[in-house]
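Respectively, the protein sequence lines represent chains A and B.
Sequential numbering of the first sequence, starting at 1243, is according to my numbering.
Sequential numbering of the second sequence, starting at 263, is according to my numbering.
What the hints contain is simulated information worked out from the structure, not anything from laboratory work.
Some hints here could point you the wrong way.
Below, in silico cross-link-like pairs of lysine to any residue (SDA-like), each with a Cα-Cα straight-line distance of 20 Å or less [unchecked claim]:
#1 A/Lys1502 with B/Glu304
#2 A/Lys1255 with B/Asp486
#3 A/Lys1441 with B/Asp486
#4 A/Lys1441 with B/Pro533
#5 B/Lys539 with A/Gly1517
#6 A/Lys1502 with B/Ile518
#7 A/Lys1441 with B/Arg532
#8 B/Lys539 with A/Gly1399
#9 A/Lys1441 with B/Val521
#10 A/Lys1502 with B/Lys539
#11 A/Lys1335 with B/Val521
#12 B/Lys461 with A/Gly1517
#13 A/Lys1282 with B/Ser536
#14 A/Lys1502 with B/Pro543
#15 A/Lys1502 with B/Asp504
#16 B/Lys539 with A/Asn1437
#17 B/Lys539 with A/Ala1498
Here are some, though not all, of the chain A residues that point toward chain B, as calculated from beta-carbon distances under 8 Å [unchecked claim]:
#18 Asp1428
#19 Leu1457
#20 Gly1458
#21 Arg1481
#22 Ser1486
#23 Gln1489
#24 Pro1501
#25 Lys1502
We put the CB at the ideal spot given by N, CA and C, even for glycine.
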Amino acid sequence: MSEDPLLEVRDLKVHFGSKKLFRKSVVVHAVDGVSFSVPKGKTLGIVGESGSGKTTTALAVLRLVPITDGTIRIGDAEISALEKEELRAARRKVQMVFQDPYSSLDPRRRVGDIVREPLDLMEIGAEADRDQMVHDLFVQVGLRPELAKLFPHQFSGGQRQRVGLARALATRPELIVCDEPVSALDVAVQAQILNLMRKLQEELGVTYLFISHDLGVVQHLCDHVAVMYLGQIVEQADRISLFSNPQHPYTQALLAAVPKARARDGSEKRIPLTGDPPSPINLPKGCRFAGRCPVAMEKCHSVVPELRDRGNGHLASCHLLD
Amino acid sequence: MSTILSINDLIVDFKTRAGNARVLNEISIELQSGEILGIVGESGCGKSMTALTIMGLVPSPPGKISSGSILLEEEDLVKASTARMRQVRGGIISMIFQEPMTSLNPVFRVGDQIAECVLLHEEITKEDAWNRAVEMLTKVGIPEPEIRARAYPHELSGGMRQRVMIAMALSCRPRILIADEPTTALDVTVQAQIFDLLKDLQRETGTAIIMITHDMGAIAELADRAAVMYAGHIIETGKTEDILSNPQHPYTRGLIACVPHLEENPSEIRPYLSEIKGVVPSLTELGKGCAFAPRCPYKTDVCEEERPPIELVDSVHAVACYNIKYVVAV
Ligand SMILES: Nc1ncnc2c1ncn2[C@@H]1O[C@H](COP(=O)(O)OP(=O)(O)OP(=O)(O)O)[C@@H](O)[C@H]1O
Ligand SMILES: Nc1ncnc2c1ncn2[C@@H]1O[C@H](COP(=O)(O)OP(=O)(O)OP(=O)(O)O)[C@@H](O)[C@H]1O
Ligand code: SF4
Ligand code: SF4
Ligand SMILES: [Mg+2]
Ligand SMILES: [Mg+2]
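Chain A on its own, in the form it takes in the complex (with noise of 0.2 Å):
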């Protein structure tokens, strides 16, 4: 991944305070040391359980968190070293799709203001030809122009999802953040959304940075992929080597909870995974998946297993690797 990145983010952590527990100060590490970049124009997948910090880190990406350590860039600016007026110019560059089309628009606005309010915040274009532009994006994103006078709950889920992909263009944005842009939408929407998210890339360039728990439809869409566990990246590589040749026993055990089609005679036994992630609060010693993990040795209950690549770039922290 080294061809011209457009994000670019080194050893980023998130650690947020909480002091509920026995009055005690804990520390919940969301995010633990992540890097990654993604070249222009690209798409990067983030993959991981429920709490693996997929949502945290694509907050952090837009300033939406405080950032404990590391380094964040876009293009050539270093948003994490940004304040106000810099920042502001800098978010430009970047917008975010939500999950639930349901409650990130705000139902007692038009969808065509909630498309123009960006344009009018950043000031951006001529106030005059603000209104034609959102007349624009809508063609953009497969929405009739006239249906700009609705309120979203006029709207199907679908079409509400292709609002909130109007608004995020809006600002000519080089990166777009989708934290589970489809998860909410049936597969037949979700196939039309997934399409246009596709052309808007060939058409404008964007590069995004994908979030989703559904593997198929990282598969489909994600040039890169990086798997997430308890806050860490576990395994990172081009698409088709990390698919094809799954390094981590995490991912190995993830892809192969996938429900395909496949022979129900039992013969094909899957890894079992049993029990759930721990908690990001009280970590384990050495590699944080030791717990859960099929094939663990003893030396993985004390050291930590160094990302490392191994071969081509691909990127994955196991001591069996090593």
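With chain A's structure known, arrange chain B with the ligands on it following the hints.
Only chain B with the ligands this time, still in chain A's reference frame:
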């Protein structure tokens, strides 16, 4: 195998501000004892309504069963009294709901809730009921079941809560279990555990399962037979293999083709996903013809005239479409 539940030409209507919505439109389903039947379809097509109707839980008004029968062996549940239906629920047919928090009581320990369920249907002591609860929690794979039985629902993870639901649903040894999207809110890893659990329990106890989902992969993994629903109609039924590898209805074919399936060896070339054009019709505005006609690329004049009946294309595979010949030729 014998038929344990048989739904015949069931019609359920809802009064809405926009007019009458026929949410179930002459649906017929047979459930054999000991089988897993999958029901798939897009949001709003009537999957949950089918389940609620079987359980006698259609909110009325605004809903009502307009015609048809639901035969539990010889007994027609449509005609059963409220008291009898209460007996049937939990005793003979139980249900797992999509969101476990809505059906678990937050102020009671989960062990007590399961024991309560057992006590409703069996004459045993409280202590035995509690022991049964712990035994059920063990069976569904909850670690340290004696301790967890004393936990309140909010103290458990989503996957564990769903397992408690399953334990509760099975604690009174039902003959039919209806699972309405039991894993939609869960991670694939936890989903896999729940699926394995359902398969094991089904094999062990011979309970017939109706599995409701919008995920074709889940159907492939679990169901012996599947029924595909569209806008309140059942448009195709058959063995799971037939539905998945030889779908005949244009909607079923579209549904299967638009899913990005996970490949073990993905290719470099990525064609765009195939799309079903348009949107699901409003149930208050269905015409007299095929409900899929406005979106169907194979539509002919007859399709808009009269609703296609569901007919067998071989011994167990049935399809509701006038133009199968042309569809499968493509
Ligand atoms: N504001 C916060 N304060 C304290 N802890 C938080 C906060 N936000 C997130 N966390 C915790 O950080 C961890 C990572 O959460 P995050 O939302 O990033 O996970 P995720 O991978 O997006 O999960 P999901 O798939 O459920 O959306 C979780 O344990 C979560 O409970
Ligand atoms: N109280 C109600 N009044 C009017 N219509 C209703 C009511 N409840 C449900 N419906 C309608 O009945 C139809 C079937 O709903 P149902 O809940 O069975 O869908 P579903 O297939 O389970 O969808 P999902 O996948 O979203 O759960 C929907 O079109 C819905 O709008
Ligand atoms: S380091 Fe050990 S515990 Fe961790 S994934 Fe590898 S084998 Fe499993
Ligand atoms: S009956 Fe006609 S409109 Fe309906 S699915 Fe068949 S070809 Fe299409
Ligand atoms: Mg999240
Ligand atoms: Mg439902």
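Do the hints match the structure? See the list:
Of the supplied pair hints, the one linking A/Lys1502 and B/Glu304 holds, its CA atoms being roughly 19 Å apart against a limit of 20 Å. With a C-alpha separation of about 47 Å, the suggested pairing of A/Lys1255 with B/Asp486 is violated against the 20 Å cut-off. Straight-line distance between C-alpha atoms of A/Lys1441 and B/Asp486 comes to about 39 Å, which puts the hinted pair past the 20 Å bound. For the given pair, A/Lys1441 sits about 12 Å from B/Pro533 by alpha-carbon distance, which is consistent with the 20 Å threshold.
For a cut-off of 20 Å, the pair hint linking B/Lys539 to A/Gly1517 is broken: about 41 Å separates their Cα positions. For the given pair, A/Lys1502 sits about 12 Å from B/Ile518 by alpha-carbon distance, which is consistent with the 20 Å threshold. Our distance criterion of 20 Å between C-alpha atoms is met by A/Lys1441 and B/Arg532, whose separation comes to about 13 Å. Between B/Lys539 and A/Gly1399 the alpha-carbon distance is near 15 Å, which keeps this suggested pair within the 20 Å criterion.
The suggested pairing of A/Lys1441 with B/Val521 holds, with an alpha-carbon distance near 18 Å, which does not exceed 20 Å. Proposed proximity of A/Lys1502 and B/Lys539 is contradicted: the alpha carbons are some 25 Å apart, above 20 Å. Between A/Lys1335 and B/Val521, the direct Cα distance comes to roughly 31 Å. Violation of the 20 Å bound is thereby established for this hinted pair. With a C-alpha separation of about 18 Å, the suggested pair B/Lys461 and A/Gly1517 falls inside the 20 Å cut-off, and the hint holds.
At most 20 Å may separate the alpha-carbon atoms for a hinted pair to count; A/Lys1282 and B/Ser536 exceed this at roughly 27 Å. Using a Cα cut-off of 20 Å, the hinted pair A/Lys1502 and B/Pro543 is violated, with the two alpha carbons roughly 29 Å apart. Straight-line distance between C-alpha atoms of A/Lys1502 and B/Asp504 comes to about 15 Å, which keeps the hinted pair within the 20 Å bound. Note on B/Lys539 and A/Asn1437: the hinted pairing holds, with a Cα-Cα distance of about 12 Å set against a maximum of 20 Å.
For the given pair, B/Lys539 sits about 32 Å from A/Ala1498 by alpha-carbon distance, which is inconsistent with the 20 Å threshold. Because the beta carbon of A/Asp1428 sits about 4 Å from the nearest beta carbon in chain B, less than 8 Å, this interface hint is met. The closest approach between the C-beta of A/Leu1457 and any C-beta of chain B is roughly 5 Å, which is under the 8 Å cut-off, so the hint is satisfied. With its C-beta approaching chain B no nearer than about 4 Å, A/Gly1458 sits inside the 8 Å limit, and its interface hint holds.
A distance limit of 8 Å between C-beta atoms decides the matter here; for A/Arg1481 the minimum to chain B is near 6 Å, and the interface restraint holds. Interface restraint check: A/Ser1486 against chain B, minimum CB-CB distance 5 Å, threshold 8 Å, status holds. Hint on A/Gln1489 is violated. Least Cβ distance to chain B is approximately 15 Å, over the 8 Å limit. With a cut of 8 Å, the hint placing A/Pro1501 at the interface with chain B holds, because the nearest CB-to-CB distance is about 4 Å.
Hint status for A/Lys1502 relative to chain B: holds, with the closest Cβ pair at about 6 Å, below 8 Å.
Hints 2, 3, 5, 10, 11, 13, 14, 17 and 23 from the earlier list are contradicted by this structure; the remaining hints agree with it.
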